[in-house]
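Trainee: The residues making up each chain are set out below.
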Amino acid sequence: MSRPVRLSLFGLAGAGLAAVLVIAFRGLPDFGGYQGVYGQALDGFGVTLRHATDLITALNFDFRAFDTLGEEYILFASVLGIALILREMRGERAEPHQGDAEEHQFADASHALRALALGLTPGLIALAVYIVVHAQLTPGGGFQGGIILGAGPLPVFLAGRYLRMKRIAPHVLVEVADALGAAGYALLGISGLVLTGVFLKDALPLGIPGHLLSGGQMDVVSVLIGLEVSGAFLVAWSEFLDQAMVVKGGAE
Amino acid sequence: MSFLPYAVAGWLFVVGLYGVVSSSNLIRTIISLTVVQSGTYVLLLSVGYVHGGKAAIFADIPAVSRAVDPVVQVLVLTDIVIEATVTGLLLALAVQAHKRFGSLDPHELRALQD
Amino acid sequence: MHITALPVAVPLMAAALIVAVRRWLPRLMTDGLATGVGVGVVTLCALLLAHTAHGHPFAYWMGGWRPTHAVAIGISLSIDPIGAGLATFSALLVTASLVYSWRYFEAADGMFQALMLVFMGAMAGFSLTGDLFNLAVFFELMGATAYALTAHHNEEQGPIQGAINFAISNSIAAYAIFIGIALLYARTGALNMAQIGAALDHHAADPLVLVAMSLIFIGFLTKAAAVPVHFWLADAHAVAPAPVCVLFSGVMVELGIYAVARIYWTIFAGPLAPHADELRVILICMGTATALWGGVMCFAQRHVKRLLAFSTISHVGMFVCGFGLLSAKGVAAVAVYVIGHGFTKAGLFMLTGVLLHRFHSVDEFDLHGRGRATPFTGVLFAVGGLLLSAMPVVTLFFGKSLLDSAALDAGFPWLPSVFVISSMLTGGAVLRVAGRVFRGWGPAESAEARQAHQAREEEDEEDAPSDRTPLAMLVVPALLLIGAIVVGVIPGAVPGIEVAAGHFVDHASVIAWVLHGTVELPHEATSHVEGFDYLYGAGATVGALSLAALGLFGRPLRARLPKRLLGAVSAALWTLRRLHSGHIGDYIAWWTAGAALLGGATLVFVR
Amino acid sequence: MTVLQIVALAAVAIGATAVVAAGDALRQVLVLGIYGMTLTMLFFVFQDPDVGLSEIVVSTVGLPFMVLLALRKVGEHEAERAREKEEQE
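Protein chains in written order, with the working numbering: chain A, 218 to 469; chain B, 1118 to 1231; chain C, 6 to 612; chain D, 12 to 100.
Excised from the complex, chain A in its bound form:
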């Protein structure tokens, strides 16, 4: 279809869809007046049952942990897909140009700026670890912490040292971290099956609400997810980095 035809078709269809949505949304409860049984049931006994003060984490890593298993594997499969799609093709060559990759566009950055950027890395990693292990207590958990952890080595890149970043986070290692995190989650579910007879059932002591090691398996799940997410995002980023920095040719 030509562009005008396409846009006119969409004009009609989009208006129709908008009308359908508005008609449906009018049947929603008034904003702020929601009273669902699911949330109320959990608000009532989430803390008492799970000894986790962040109910979101309790839901994510325990009550609805099976969703999270699927979600982690979406991440895993997508990143595997990225690696598959961006794998080297015939006629491409991966050769870092010394001038381009070792000292790329930020090469002019002052030493102070570089030092600052490099100093960010340990800070980011510390923040990430904090967020991951406090999943059941405060907002955030394996996913948010995992991305920050994955972003840890990025300042090294931003400081203009791509190849050094690859040395800090070698491709093979981050991929293995990604895979082991994902496998570990499934294994945790199976170990629940073996120890308690039910898949994903918590076999660990619950601890005291508010304490670091409370909430049973939630801490373990959070760490595993943190591992997987940081590995996965690093794999994805370095695939894109490779494309942008070192892979040449292959164009038709």
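Think of the hints as simulated: they come from the structure by calculation, not from any bench. Where is the CB? At the ideal position from N, CA and C, for every residue including glycine. There could be a bad hint or two in this list.
Said to hold, decoys possible - Here are the computed distance ranges between Cβ atoms for each label pair: (1) B:Asp1222 - C:Arg377: 37 to 47 angstroms; (2) C:Thr523 - A:Gly414: 14 to 24 angstroms; (3) C:Asp472 - D:Leu37: 45 to 55 angstroms.
Given chain A, put chains B, C and D in place with the hints provided.
Mentor: Chains B, C and D only, in chain A's frame:
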């Protein structure tokens, strides 16, 4: 006024679709796709909001006080992870499409015309 | 049962472990490991099926979070024979496909096998879960894996474009599903399908419920590829590697139909029961359009994989009609048909892979007569064509006779003729290809030279055409085709499916066994094959053979037809083909139209 | 409904429109980042800090990095093609 959040959610969905349909650059198509998806976040969270409710974190508030619905938040969290990863996958495809077709304009992608 | 969650967890874990060691694992071991896991999962699923088939559907609560006062706080796998059967079937096809691809291409360091295993786990989860949001999660997981697998041959244009169109269409479908879920959650405060169904039973079908249903339907029907949200399918199937197409056509698309049926009967059957007649008309219109559109486009193709893709669309039309009859018999018919079709189509795609492997082309004219070198492939291909036309006493035939009888029961006496046309067109197209490629019948040059380039460019990963076909690449499709013949005649199979379908559509009983664990199942199989079914079946096969002959030798005949008629037909066909432009913007414009139409139609007609 | 919520909702609606309407892809990435911020703000005023934290890490680190690298790769390609063209002429 109480319809506003829902209207915004619907708007994001439709305007994002418009972006996808009208785009002449795959990377823009992909970015518009994330706008479509953000419509679902806004709808879910608006549905679960409770007037005067607190976040469902009971570190320093008594568990009896009103809290916003925690379930929708968990759904949105899953949704966000999906967004980030599927977008990454699509971007990888876009990079490859540019190598193979020499263009990111969907109009120039002509391998599959019937 | 203790093993309930393992069909999901085991393949996922195995996939991750394979990735962890993929750089150090020899190819042989990767293949062996993946296939072994596949066999294990098939066994696990079969155990679930055997357990439920004797009238014991059950809910398995993850993490032990059983519902309190009929409020589900965790996620359940709700296992019934239809879901367990589909899980078994999909695991079987993945395993077959893994064996087939042992020698098919240089799989990139275990990534292919890992993605196939994730796909297997995702399909098992999708078939078994009882939670609406969890269903959407597995929908996305299937999607993410499938997009990556589609683009496996990243050196060519087609796979990249096909994967992009597939990914964008299906992502938007998922967002529509999320909106639908949000609406239902706002109304009922539940995510477990049975619980939502129980909560909706007390409400009338107001606009919110109707739109939620339409959005969820259009979302899953995008995966199933119903007109007008089907465009991505032909693109993705034409370019994905053959072992992947086996799964796409054989079971992934059908899972979309399954989700729609499961959601309707568990969630919406209560409030919509008074409006079933109107809904039936809407769904059957959609199904008929899909069956005919797919059939015509199928017959008009020369790119063999694309031809098979459109034949899948045509069959999806029949499935939508079968579900749209909204009866137990309709569900049973679709279930039987899905098995027969899945085996047949899987076999045909594998045989097309053999052609690609041997001759580096899947263009019907390009391959003219060249298939004589591999006669066994030709025999199998022709058998596949006959099976697709639902020849009497094969599995598809039993499905179709059930479908016909369900259509007559529901008061649609014209619907069986649509099914016959669809069978004729799709079976005829495959038989035509068999005749041209493996016997050298008909002219070697097409009247129009389009598509040829595109089909030839599609290459195997190996460098030179090979003169021998690996044994596995012929044995596996042969076994699948045998499966397509015999499953229907196994004593008790078809009546068993009918009983299972009866339970599947029993809204109240599903809610009872999921939420309360009480099982009451009184249904019996009632239908039997009638005399006219054989007549219809034989008619469709004869029709397919004549259409194939017409396609091969009909050129002189065509010259005698009046010019004007010929012109009108080819103009109509040209328009239809132009719509399949490969432009993602076009597809999404059509998708929006489909969503608006389905939503609008339910709002206007169902009241 | 509080004023803050209304403001956040309006910002999100405007932000989304701006993302879709943005001229070239590079500018769109920038607007997308800002849009992510408005969404984060909305999630915080809706009392959803977990979601807000997720959104902020995805929209400020996770995605833009990938989009920018993809854009760089594509741009480099176009430069290369232009150079080849010049050489041929």
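Trainee: Look at the Cβ atoms of C:Thr523 and A:Gly414 and judge whether their distance stays inside 14 to 24 angstroms.
Mentor: 22 angstroms Cβ-Cβ, so the 14 to 24 angstroms window holds.
Trainee: With respect to the beta-carbon atoms only, verify the hint that B:Asp1222 and C:Arg377 lie 37 to 47 angstroms apart.
Mentor: At roughly 44 angstroms between Cβ atoms, C:Arg377 and B:Asp1222 fall inside 37 to 47 angstroms, so the hint holds.
Trainee: At the C-beta level, are C:Asp472 and D:Leu37 separated by a distance inside 45 to 55 angstroms?
Mentor: Holds - the Cβ-Cβ distance for C:Asp472 and D:Leu37, about 52 angstroms, lies within 45 to 55 angstroms.
Checked against the numbered hints given earlier, this structure breaks none of them.
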